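Student: This is what each chain is made of:
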Amino acid sequence: MKRQTFLVILVLLLSASFVSAADVYYVQSVKAKVMWEPSFKSKVMTEVAKGYKFIALGKEGNWIKVKRDFEQGYISALLVATHPPFPKQGLIKAGDGEIKQGVRRRASTFTSAAAARGLTQEGRKRLSREEKADYYSLDRIDSFALKSGELERFVEESRI
Amino acid sequence: MKRMGTLIIAVLITVSIAPSASAAAEREANWRQRVSTADDVVASDISEEIKFGREVAARILGRYGYLENPQLTKYLNLVGRSIAMHTSRPELEFRFALLDTAEVNAYATPGGYVFVTRGALEKMTDEAELAGVLAHEIAHITEKHVVKELNIRSSEATGVTGLALLIGGGSEAAKVTLNQLTDKAVDILFKDGYKREDEVQADKHAVMLCSLAGYDPQGLVRYFERLNTVKGKSTEILDKTHPSYEARIAWIKSVITEEGMDAGSYAAHKERFARNRELR
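In order, the protein sequence lines correspond to chains A and B. With my numbering applied, the first sequence has no gaps in its numbers, which climb one by one up to 160 at the end. With my numbering applied, the second sequence has no gaps in its numbers, which climb one by one up to 1280 at the end.
The shape of chain A in the complex, shown without the other chains:
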């Protein structure tokens, strides 16, 4: 009975170690090519889309070894992560007014914060210096948007 319990524990421990060794990855880029070899020179096996989930068999340099159907291939490690893709994050403009106000208040705020942290006079001067911040131009940059399909057409025209 005792021996059986030991065997059960042993099997559980062994299986747990194998599961933790296997890493699940998700494609983060719009598309990802699966190559036959871990090289940009390699021929393309297939292409998978964003969100595609796979179990990695290992890592070779900058490439993740993956199994697709019954064959092994490689995906660039730059295109994957161990979590599913997060949705596009909207612009964070909340508290913009507070931030601008904060910039105006910067000198005194920094001086007191620096003093509280026991910084030297020179350190306080450095931290409390007034830097210009251009939120008007930032808003102009944030408001820029490409028209629908413009990026896709550009990518298509770029193909050689």
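Please note that a few of the clues may not be correct.
[Said to hold, decoys possible] With a straight-line Cα cutoff of 30 Å, these simulated DSS-like cross-link-like pairs (lysine-lysine) come out:
hint : chain 1 : residue 1 : chain 2 : residue 2
1    : A       : 132       : B       : 1270
2    : A       : 31        : B       : 1191
3    : B       : 1175      : A       : 59
4    : B       : 1184      : B       : 1195
5    : B       : 1123      : B       : 1175
6    : A       : 88        : B       : 1175
In case anyone wonders, no lab produced these hints; they're calculated from the structure. As the structure is a prediction and not an experimental result, all values here were calculated from the model.
Knowing the structure of chain A, use the given hints to seat chain B on it.
Tutor: Using the frame of chain A, we list chain B on its own:
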């Protein structure tokens, strides 16, 4: 006999635990050497990363000024976003803009803002060179180099993550911290530079991103070779905050060969670049 049985079981248990324990230790030890740090991205941190990045971006714009040109801005965004499509940060909206200065440089801020100076654009001769520079900056963002340099780490004990913990919410303390972090980030960009290993990683990722997007990975090499002949005030900050061009060209060439990017069909789009740059 009983002792022997216990010994065998102990050995087997050790063997079964060892791989996962050593793998975890290896992951921890090599966290900076990993191929990509997209795994460090935590959902609750993303909005704070963008908020922080906006502050740094406003300071860059305050220093140099925005060169507003709708056609050129559109072109920069088309090239930049065609590269960003191939990154591991789909949650970020990458934004590309031109800075109105003769200084030769490019900057990235957390959350997706990428700036290239008028002076840098004037030194480029084709779109692959521009793509290389933008890809280098994109890599600083995807790998969260500024955030790591400021040593903002997650607190697993509390379950609250680094940036969200520091600057999340609207408290006075959070605002003060945001201002202080912005000051430090500006110092990294204009004075201290990134860690050498971060510059190496950004260069290597840049050429791989260019290759994934179909751009000639040699574009960045050509650009650095040209800048290496430029001396003077226009490249002062770039020279002060980055490793030598010789070193950068050497490691870029080595990754191009190692990764098999020295063969294949890649584009430089010289004419398209010239046509768009004329729109200034």
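Student: Now, for every hint given, state plainly whether the structure supports it.
Tutor: Cross-check of the supplied hints:
Note on residue 132/A and residue 1270/B: the hinted pairing is violated, with a Cα-Cα distance of about 37 Å set against a maximum of 30 Å. Between residue 31/A and residue 1191/B, the direct Cα distance comes to roughly 38 Å. Violation of the 30 Å bound is thereby established for this hinted pair. Distance restraint check for residue 1175/B and residue 59/A: the Cα-Cα separation of roughly 42 Å exceeds the 30 Å cut-off, and the hinted pair is therefore not satisfied. Of the pairs offered as hints, the one joining residue 1184/B and residue 1195/B holds, with about 14 Å between alpha carbons and a cut-off of 30 Å not exceeded.
Pair hint residue 1123/B plus residue 1175/B does not hold up; C-alpha atoms about 39 Å apart against a cutoff of 30 Å. Proximity of residue 88/A to residue 1175/B is assessed by CA-CA distance (about 25 Å); at most 30 Å being required, the pair is judged to hold.
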